[in-house]
Amino acid sequence: MTPIIHVSGIRKAYGKTIAVDDVSFDVEEGEIFGLIGPNGAGKTTTMECVEGLRRPDRGTIAVLSLDPIRDARTLQQKVGVQLQQAHLQKRIKVREAVDLWASLYPRALDGDALLERLGLADKRQAWFMTLSGGQKQRLFIALALIHDPDVVLLDELTTGLDPQARRAIWELVREIRARGKTVLLTTHLMEEAERLCDRVAIVERGRVIDIGTPAGLVRRHCPQQTVVLDTSDDSAGRHFEAIPDVESVTWQDRRCTIRGRGADLVTHVIQCLAEHRIHVTSFKTELPNLEDVFLTLTGHSIRE
Amino acid sequence: MKALLKLTRLEVKIFVREPMGVIGTVGIPVAVFLITSRLLGPRIARAAIQSGSASTVLPVLASILMALSAISSLITIVSIYREGGILKRLRATPLSPTVILSAHVLVKLLFTVLTLVVMVLLGRRYIPPDAQVPLFSYGVALTFATWAILSIGFLIASIVPTARFAQPIAAVIMYPMVALSGLFYPIDALPQSLEWLARALPLGYAVSLLDGIWRGEGWIAHLGDVAALTLFFLVFTAISSRVFRWE
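Residue numbers (my numbering), protein chains in the order written: chain A, 44 to 347; chain B, 4 to 250.
In isolation and in its complexed conformation, chain A is listed as follows (with noise of 0.2 Å):
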């Protein structure tokens, strides 16, 4: 099957500094597929690439088979896009920039349904300056899908807003992809890329690094699990150093820190615990995620 997105060795400098270096990848139907890495990293640049708005020195880009520069009239029916840090005119009212983005494409949807789907139906009458910033966002996605597009293309898309927001507007992108849309958007969260795509690209220097999903990257470069749980029994230490993923078990007082490989460590834990009849007072498991599988590629956090 051809990707709905293709995109194959991109590489783009502005002046001397090296936006874009090397990135391929390829997003299949019906996927929220998620370009990850710290701010600078490339992402953006990749982004606005795939958009049409720069054209790559080198390297090949496909939207639909479409080449998004030559074929720019043709995808703008098909791609909806939501830029990084875009705004409207402060007094334009959300129903007039719903309905001036209708005008411009030969199908729409229903304008006051998409508003009452996002959440902005009593912000109809509401000047853009007066939104809040997840208010905004969601116009910004509801102007991204007013033309019923195949693929939706999504930047940074809850840089700024509170944990509350963030949720909803994932919740938005799931129904998104729902309507069988294909998602291709960029974060600098993993907490989002590990709860909203399917498969993510970890970018680092204008390079990707590696490609899957967010549970086998983290199972491919992260296998290490770690169990902490209090007991006062002795003889639990014997029994944890018999579990075959293990490979460390501390002590700290009455601490316990078990250490080991696989996914089955937790479970093996725990029927142990069930076998010897351990009395424990605290349990709680330590699992690897998006953060930790950047950081043993990278050797730096993605926050810094």
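No lab work stands behind these hints, which were simulated from the structure alone. In this text the structure is predicted, and so the values were computed from the model without any measurement. What you were told as hints is all true, and nothing was included just to trick you.
Taking lysine-lysine pairs in the DSS-like style, the calculated list, with each CA pair at most 27 Å apart, reads: (1) LYS179(A) with LYS16(B); (2) LYS5(B) with LYS133(A); (3) LYS91(B) with LYS5(B).
Dock chain B against the given chain A, drawing on the hints supplied.
Positioned in the frame of chain A, the structure of chain B alone reads:
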């Protein structure tokens, strides 16, 4: 075309939502006009009939300044749109730069005409009944001249990087143009090189057209000016749609 009308209508609505903008564009020129008319009006109008040349300077200068202020506000608004990321967002739609700029030109033109109409209606009583100034023709000429020289605004607006640069750049280009427009010294009397420069700028033709119409010379006598202004408009518009910067 549908998009242009839609965007223009929307921009008009957005413009009138900002009270200061409307007061500055329509209110202040009208107020200044009424005050000066009250003080000097009858004398100027009478002079226009009696002595001719010198007296046309004031109305034509006022008109040109009105057109220039339309240019400068066009440049400012487009650069604000660019800096604010509004143009960037519009870029990812089927709207072309020509449509976006044209919508703003139409808005400016509309308010210039509105200002003019309000001035004429309110100022009529200051003009003595024997003054034979073809006001309607003059209004049409001013609207046409403003439209044509707005294309310079088009071009500057297409390339100035930020709103902060917009005003000084506009001033640097516009004030020398006023000096060479023939309003103060006849273009024929300028040194050869300056004369060529003046003939390569649109303002001279605008002044010649406005001046002629004010004196009642009629459109036929000024077809050359109309043709030159149209040519300027086409050339500047074509260049700006090529060099237009979205961000």
